[in-house]
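Participant: The chain contents come next:
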Amino acid sequence: GNSVTQMEGPVTLSEEAFLTINCTYTATGYPSLFWYVQYPGEGLQLLLKATKADDKGSNKGFEATYRKETTSFHLEKGSVQVSDSAVYFCALSPRSGTASKLTFGTGTRLQVTL
Amino acid sequence: SAVISQKPSRDICQRGTSLTIQCQVDSQVTMMFWYRQQPGQSLTLIATANQGSEATYESGFVIDKFPISRPNLTFSTLTVSNMSPEDSSIYLCSVPDWATDTQYFGPGTRLTVL
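Chain order of the listed sequences is A and B.
The opening position of the first sequence corresponds to residue 1 in my numbering, with each subsequent residue numbered one higher.
The opening position of the second sequence corresponds to residue 1001 in my numbering, with each subsequent residue numbered one higher.
Keep in mind the hints are simulated off the structure, nothing from the lab.
Just so it is clear, CB atoms sit at the ideal spot from N, CA and C, and this is done for glycine as well.
There's no promise every hint is true.
No farther apart than 16 Å at their CA atoms in a straight line, the calculated lysine to aspartate or glutamate pairs in the EDC-like style are these [said to hold, decoys possible]:
| hint | chain 1 | residue 1 | chain 2 | residue 2 |
| --- | --- | --- | --- | --- |
| 1 | A | Lys101 | B | Glu1058 |
| 2 | A | Lys101 | B | Asp1101 |
| 3 | A | Lys101 | A | Asp84 |
| 4 | A | Lys52 | B | Glu1058 |
| 5 | A | Lys56 | A | Glu69 |
| 6 | A | Lys101 | B | Asp1097 |
| 7 | B | Lys1007 | A | Glu63 |
Some chain B residues close to chain A (C-beta under 7 Å, calculated; not the full set) [claimed, not checked]:
| hint | residue |
| --- | --- |
| 8 | Pro1039 |
| 9 | Ser1042 |
| 10 | Phe1105 |
| 11 | Pro1107 |
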């Protein structure tokens, strides 16, 4: 079956540091890949997505590139802020048009300090 | 994008009791989903609620424990029955967005069972 593996947290960074959160997946075919963010006390929000190999999703300074050869979708940001402190979830849907079949990773908590 | 609200936002309950969680969407949707997020864990799909038909439950979840109602296209309820401390989780509802091939999530209901 489908699965998503994320690096374990928590990740603690100083403000303006570079962020990488690793995500790898197992799926047949051509899944769509997502990063969701959950701020303290709030529900999940879609951060970015990519639907095919070599696509780059980006939003709010975050980026992730769909790498089919390494089955990865690592999240990066060049300079984190305190307001980026949250839990980040990598997720996949098995193919385009199957938004109902999301598989999530376990989440990575990011803590950014001044 | 859909705006989703949930009630209650949090509750503390005694074991053996039941709690009904409400999910309201600001637009009509065919499918609604209910997830459980146990402490430190990822999201697990409980069931899919379609208006006018019985909910479809994922492996490990049964209707007697998690009865779901879907009276119209904007509303659903999830009941957690005969609760035990193991039911302490965040419960989230979501709806698919076929245009972006992903899901929008409600803010969640944080349940603590003593």
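Participant: Going through the numbered hints above, which ones does this structure break? Give me the numbers in ascending order.
Facilitator: Of the numbered hints given earlier, those the structure breaks are 3, 4, 7 and 8, listed in rising order.
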